[in-house]
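Number of protein chains: 2
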Amino acid sequence: MITYLTHLACAACDQTYPADEPQHLCTCGGILLAQYDLPRLAREVPRERISARGWNDGLWRYAELLPGVPPERRVTLGEGATPLLAVPQWGMEGQVELWLKDEGLNPTGSFKARGAAVGVTMARQLGATHIALPTAGNAGAAWAAYGARAGLPVIVAMPRDAPAITQHEVQLYGARLHLVDGLISDAGAWVAQGVRSDGWYDASTFKEPYRLEGKKTLGLEIAEQLGWTMPDVILYPTGGGVGLIGLWKAFQELRTLGWVPADQPLPRLVAVQAAGCAPVVRAWEAGADATAFWEGAATIAAGLRVPGPLAGALMLRILRETNGTALAIDDATIHTAMQECARAGLWLSPEGAALLPALRTLIAQDWLHPGERVVLLNTGSGLVYPDLV
Amino acid sequence: MITYLTHLACAACDQTYPADEPQHLCTCGGILLAQYDLPRLAREVPRERISARGWNDGLWRYAELLPGVPPERRVTLGEGATPLLAVPQWGMEGQVELWLKDEGLNPTGSFKARGAAVGVTMARQLGATHIALPTAGNAGAAWAAYGARAGLPVIVAMPRDAPAITQHEVQLYGARLHLVDGLISDAGAWVAQGVRSDGWYDASTFKEPYRLEGKKTLGLEIAEQLGWTMPDVILYPTGGGVGLIGLWKAFQELRTLGWVPADQPLPRLVAVQAAGCAPVVRAWEAGADATAFWEGAATIAAGLRVPGPLAGALMLRILRETNGTALAIDDATIHTAMQECARAGLWLSPEGAALLPALRTLIAQDWLHPGERVVLLNTGSGLVYPDLV
Chain A
1 MITYLTHLAC AACDQTYPAD EPQHLCTCGG ILLAQYDLPR LAREVPRERI
51 SARGWNDGLW RYAELLPGVP PERRVTLGEG ATPLLAVPQW GMEGQVELWL
101 KDEGLNPTGS FKARGAAVGV TMARQLGATH IALPTAGNAG AAWAAYGARA
151 GLPVIVAMPR DAPAITQHEV QLYGARLHLV DGLISDAGAW VAQGVRSDGW
201 YDASTFKEPY RLEGKKTLGL EIAEQLGWTM PDVILYPTGG GVGLIGLWKA
251 FQELRTLGWV PADQPLPRLV AVQAAGCAPV VRAWEAGADA TAFWEGAATI
301 AAGLRVPGPL AGALMLRILR ETNGTALAID DATIHTAMQE CARAGLWLSP
351 EGAALLPALR TLIAQDWLHP GERVVLLNTG SGLVYPDLV
Chain B
1 MITYLTHLAC AACDQTYPAD EPQHLCTCGG ILLAQYDLPR LAREVPRERI
51 SARGWNDGLW RYAELLPGVP PERRVTLGEG ATPLLAVPQW GMEGQVELWL
101 KDEGLNPTGS FKARGAAVGV TMARQLGATH IALPTAGNAG AAWAAYGARA
151 GLPVIVAMPR DAPAITQHEV QLYGARLHLV DGLISDAGAW VAQGVRSDGW
201 YDASTFKEPY RLEGKKTLGL EIAEQLGWTM PDVILYPTGG GVGLIGLWKA
251 FQELRTLGWV PADQPLPRLV AVQAAGCAPV VRAWEAGADA TAFWEGAATI
301 AAGLRVPGPL AGALMLRILR ETNGTALAID DATIHTAMQE CARAGLWLSP
351 EGAALLPALR TLIAQDWLHP GERVVLLNTG SGLVYPDLV
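Which chain is which? The protein sequence lines are A and B, in order. The numbering of the first sequence is our numbering, which starts it at 1 and goes up by one. The numbering of the second sequence is our numbering, which starts it at 1 and goes up by one.
In case anyone wonders, no lab produced these hints; they're calculated from the structure. The C-beta atom is built at its ideal place from N, Cα and C for all residues, glycine as well. Wrong hints could be hidden among the right ones.
[As the list claims (entries may be wrong)] Only some residues are given here: those of chain A computed to face chain B with a beta carbon under 10 Å:
(1) 52
(2) 54
(3) 72
[Said to hold, decoys possible] Some residues of chain B that are not near chain A, with every Cβ distance over 10 Å (derived):
(4) 18
(5) 23
(6) 28
(7) 85
(8) 285
(9) 288
(10) 290
(11) 345
(12) 371
[Unchecked claim] Covered, in the sense of this in silico footprint (three residues per stretch, anywhere, with C-beta under 8 Å from a C-beta of chain B), are these stretches of chain A:
(13) 81-88
(14) 146-154
(15) 207-216
So that you can see chain A by itself, here it is in the shape it has in the complex (with noise of 0.2 Å):
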């Protein structure tokens, strides 16, 4: 099995893991990237041998940019290969070019499927027995599903008031499920005590490097239903950050490929966050280097509710770097926005609705300029809510 993976190292600060055993954060607290061979993985792959394969391999038909598994070891339940659909009617009469990247049509119904096909998979390669994770809502139906397709027990710790739905299928797919009266940190302590005592694999959020990898698919996906280039804007629901993360690092990885246009500009990342939970909103406006605890997190968009990201410097330097902004939309406008969106034959996700105000802030505020090429990224279905409707 040829893989271009050769090892992982820290967003912060550098320092180098190999990537044949588990790891989780750097000791100093950073976050590892996995590092690829990409010259050679440029001299010997061409693109044209990805666009070949059918859709059915879904997110491995990347599989040169993903860790080397054999296909037949690869936990998969056809996530990937989502549509990329034209939405003229919201672009402000065609003032920029608009795209909506639809993740509702994932297994489990959201883009957490992404992370957790990459990250179960790379789990049992590495030997996990248990794994454990927190979350505010999709990721844990995610995980319990790709881990009950693995055969590896998995155990999701949530807020007690996350979506019903959400607990059920926790609980269907076999998971163990841990309710908390409080909200994903009071989660993920939770889970850190069983990771030290009994030795769980730790899934959390950026606690492994794979679930990220997973979640970079998205855009390679996006550059390659765009003819391999990058949009000009990306808009994207930000709780724990993995997509726009994933987001950058696949454009930056294409870039050095090739299989981009080398001059282009990586798109601007927008984060757009909840009013009821904006750490990254609060702190881009205020300028800052790091994201500082939201008190009081409360939102419709239960994916949102993430009042203290680990990655909140991570993201910030990204939007930075990219030219980017970070908005926040209150919970009533994103509850008429996602009627909007039905109203026109998309029942999106809460997260993925408040994409739509959030649009029309930055056309209003003139940020994005006429002919421009914007995705809207749609984290999940509103079938995963059915309550809201």
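We have chain A already, so just place chain B on it with the hints.
Just chain B now, kept in the frame of chain A:
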């Protein structure tokens, strides 16, 4: 726009109709099937041209085997291109080579999206101003969504005890919902009245020919995913039977085109029904040529609650022609199967889950043989049935 569609022909009496105006049933009451110039298509289109297309075309990757519609006039939400998953664990220790076609990964969470995509596209092309249909469940949500995407008003009639989420969904998409105290057959009578009095476009099952063309792409995809061959057997949860007939039509066309081996027999098609509504099974077991209305239809598998399918006779003919069979599964067994599937990471609809006990019955009866390649066709996601968990 090149089209290979030549005309429509009655499945019962062979009478033909032009395809460039709205058509519903034959004057004899038979179902109209779209007919293509397959010899010309075979000369002009190599199947490699199909395979070279990206997944983003969805079911329109088979455009030459669908009505000719320019890309910008196609009504799409990203339907089709669903995965075919290996599920060896259910194949009785490798006795059969088992696959699951997971149609839950479609817009609105079910395979109904395929029929609605092509059906709504053609309704609009043919000048419809209002689309009306009765439904037992999922189809209502799908047609409401595609109507909204197309900007066409939709009227959906369904039993008052259809799943609550589907009722909400239809309204969320802006369609008019009419509830009847009764079954899909009663909803159908109400729609027929409006078609006569108000000129609605009748999109009832088989009362226009293009829903079937959309469903047909199921068979085209399965063949392509199996390397342009046909499986030996397909288990299909049978309500109205559009998918069953679509599979049969797809494989016949592929064989005529030479895109699958001309000497390979058509897959044996298996109609799986709920014990509480099994008109096809009862007729099959009695050796009858037509189905009789099933009194008191009741099952948790809403999509199977079709007591008097319009295409009953055609389905029975297809089961005979393909050396297929029919069998019924009771609700308690369906419910247990849903839980077993979920423990394998697959939250299937009750209709899809019914296939697992059906498979076991067929293996126990030696109806399936070692080494045969079998496809289970899961028609929808468990997410559409949150009340069942």
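Hints, verified against the model:
no., hint, verdict
1, 52, "holds (8 Å)"
2, 54, "holds (7 Å)"
3, 72, "holds (9 Å)"
4, 18, "holds (30 Å)"
5, 23, "holds (25 Å)"
6, 28, "holds (36 Å)"
7, 85, "violated (6 Å)"
8, 285, "holds (34 Å)"
9, 288, "holds (38 Å)"
10, 290, "holds (37 Å)"
11, 345, "violated (3 Å)"
12, 371, "holds (19 Å)"
13, 81-88, "holds (count 5)"
14, 146-154, "holds (count 5)"
15, 207-216, "violated (count 0)"
Going through the hint list in order, the structure does not satisfy hints 7, 11, 15.
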